[in-house]
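Asks: Following the hints, put chain A in place on chain C, whose structure we already have.
Residue numbers (numbering that gives the first Met the number 0), protein chains in the order written: chain C, 0 to 211; chain A, 0 to 659.
Hints in this document: simulated from the structure, not taken from any laboratory. Predicted model only: the values in this text are computed from it and were never measured. Warning: the hint list may mix true and false statements.
What the hints assert, rightly or not - Computed from the model, here is a short list of chain A residues facing chain C with C-beta under 8 Å:
#1 L314
#2 L316
#3 Y328
#4 A329
#5 A373
Backbone N, C-alpha and C fix where the C-beta goes; we use that ideal spot for every residue, glycine too.
The primary structure of each chain is shown beneath.
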Amino acid sequence: MLRPLTLIPVAIFAVLAVLFSVYLWQVGPGGKDISQIPSAMINKPAPQFNLPAIKNLPETLKIPSLTTADLKGKVSLVNVWASWCPPCRIEHPVLMTLADRGVTIYGINYKDRPEDAVRFLTQLGNPFKQIGVDSSGRTSIDWGVYGYPETFIVDAAGRIRYRHVGQIHPHQLESLILPLLKQAAQPAADAAKAGASKTGTSKTGAAKVGNS
Amino acid sequence: MIAEIGHYAVVLALMLSIVQGILPLVGAYRNDAALMGVAEPAARGQFLFVFIAFFALTYAYVVSDFSVALVAHTSHTLKPMLYKISGVWGNHEGSMLLWILILSLFGLMVAQFGRNLPGSLRARVLAIQGLIGIGFLAFLLFTSNPFLRLDPAPVEGQGLNPLLQDPGLAFHPPFLYLGYVGFSMAFSFAVAALIEGRVDPAWARWVRPWTLVAWTTLTIGIALGSWWAYYELGWGGWWFWDPVENASFLPWLVGTALLHSALVVERRDTLKSWTILLAIIAFGMSLLGTFLVRSGLLTSVHTFATDPERGVFILGLFIVVIGGALVLYAIRAPMLKGGGLFAPVSREGALVLNNLLLATATAVVFLGTLYPLALDAIGSGKVSVGAPFFNATFVPLMVPLLIACPIGAMMAWKRGDLPGVVGRLRVAVGLAGLVVLATVMIDGNTDIVAALAMGVAAWLVTGAAVDLAERTGLFRISFSETLRRAANLPRSAWGTAIAHSALGIMVAGITASSSWQTERIQIVRLGDTVELAGYEVTFRGASNVTGPNYTALRGTFDLTANGRKITTLHPEKRDYPAEKSGTTEAAIHTTPIADVYVVLGDSDGKGGWAARMYHNPLVPWIWAGAIFMAIGGMVSLSDRRLRVGAPKRVAHKTPAAEAA
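Excised from the complex, chain C in its bound form (with noise of 0.2 Å):
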């Protein structure tokens, strides 16, 4: 009773059906992050800014200002946040074990209300040692950000090496950021062989990237 041709359309459905199977198990269990994009500003300059420091600070809380030239001479971390954003303050602890580790972070404190941006390092604590206000918001712009919070690694050069954006997880202190930050130690010339890698198959640690 079967016909050949009236199977053709099952055995096409079967091949569909097999290749959405593989691709949803690679992009939900298998953690495979396909909302990657790519960042043009890898290995590329920071931008030029000059941002102030945040108002009327109080005597316990006494940060400067950020400009580019601050970013240069040794490796740092670059963190965009603000005190309305949730995700940055789940984040939080995070930088300040960063801190506590040696690790240099600056902090773009990203349209936020000066009074609001103390209470938060108040309660919370400060892991930043310079912090810039972009109340503007064209600064975020010019490094490209696109959610809160993003945080960069930025080498001694001055150049970013890696981008992250949306918090980073707890996990992913030692698996992810910890390792970036000892391979943004060595020249560029290395990183840019580990960043051509990176735009093939994105199975390898340092290339997972994202919210995962």
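Replies: Quick look at chain A alone, frame taken from chain C:
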């Protein structure tokens, strides 16, 4: 309390859909009228409970009940009422509920208006609808419950994505879902026919109106989405071959093929197996789009919060529904007996050509959309297939389709007279040639492809007009006789002519806007004037304004032509504080023949502003074409022949009606 009522109503609807999905099938198998009779009250009850659930969720949005998690996540007290209501379907859970509401609405319509369907067919159609309902209600209840509570309830909600706070997008999803879900009717009829093992002209006559409803609403839905992309995304484009756009376009293409092939089944009792397959695929494409968008497998403006669990569930649903139907098709389709024979040159032949071209176009869009996904799945890296691929493959397939369209519409059934038809179309050929020449003369650059495309547009419009003139005997017989014939012409003939000429209007709009667009992207300072395709645009400054739930930077541009003031344009950059994001609102001056389109960009900090200005010739014709296409669908739908409950055949047949 209201939310719990909604939640409980969903549970009850699920129970009823289980009853509706099983008992009538058993009844139809045993020929037990009582069991078959369960289908209609169950369908009515299902609609009632889903409606209660939908109403409960809408109520929660209207009163901003932030103890409902979904409302807290996607609404805000300051949001205008329109967007509080449209916010119901501006998220995954709520839009699924709307999907199900429409599904149960179609079930209700079969129960209400399907009285003249044979009992077993009606029972089986409703049962298949019930089975689909089980899948989606379970999906909603177990993975995407919109009625979950939040404790403690926040004081304020997080707001709806500002991109969705737009009148175009408020109505885009309901129309799209009417289309997607509408194809479930054709699907249910197809599966029911496969179970019965019988497809006849009567079957096609029942399927056609449902397909027309789905096709018409999907046309409107896609047009609204593309219109929105045009004025909201700020790049002057209106179709981006984005995977999710394609996901809505695929069912439309298959649905268009189905409309035409069902015509052959109805009139000539042949092409049955193919039509059944198209009905299954049309709904399959609708489900595929739903799956791709909601599983997080595609990244796009449309993707909802991704959740692999949902992806697994909906993939399972997709495999069971479409895979099951295709297996049934493989087993039962060989039993379907072909009917009338026809010569290759005939109306049937033309419709087969239409179907071949549309099916190939579907395959091309399908491959282009899924190829990146497939490549990524087998680990061969990321690629993106963009507009150049689709323009190079899809457009050449459309050319023969558009050229054949007026010829096919005038061809006689069984055996056509190609030279005769072309001869009768000589006016259209002449006019199309004139349009090509005129275009070449006006356009100094002699873009010959664009000129030919304008000729095709004129060919489609005049071809449809010639068809109507032929049928009504215009200029051959007395005018009053022509009017009498026009009044007696079947509505479906009018619908066909309107939809086919709408296609021509759309082709003209697409061609002109993509070939002769003028673009100016530059920094403007106060008082600067930019020349734009015969207009002058003068920058008069930018200032801050406050809307109900946003603040905006509002530019002022004077639009003049030869120094004569036409209008003032106010493009905006809006910032929505609750949602922490912004939108671009293009300012558009629309005339019947072109759009002037101005977008305000960023300030350079030195008194200059980046501005993007476009002159898009004939771009309004694209949406005018879509509207006429939908009108054609509606006129066709009002045809007496398709009206359920109408006598099988009109006794009196004029020659014109016979040719329809």
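Asks: Hint by hint, note whether the structure agrees.
Replies: A quick look at each hint next to the structure:
Annotation: interface hint on L314 (chain A) holds; nearest CB of chain C at approximately 6 Å, less than 8 Å. At a threshold of 8 Å, the smallest CB-CB gap from L316 (chain A) to chain C is about 12 Å, leaving the interface hint violated. Taking 8 Å as the C-beta contact cut-off toward chain C, the hint placing Y328 (chain A) at the interface holds, the least distance being around 6 Å. The interface hint given for A329 (chain A) is met, as the beta carbon of that residue sits about 5 Å from the closest beta carbon of chain C, less than 8 Å.
Contact between A373 (chain A) and chain C, as hinted, is supported at the beta carbon level, the nearest pair being about 6 Å apart and thus within 8 Å.
Taken one by one, the earlier hints fail for this structure only at number 2.
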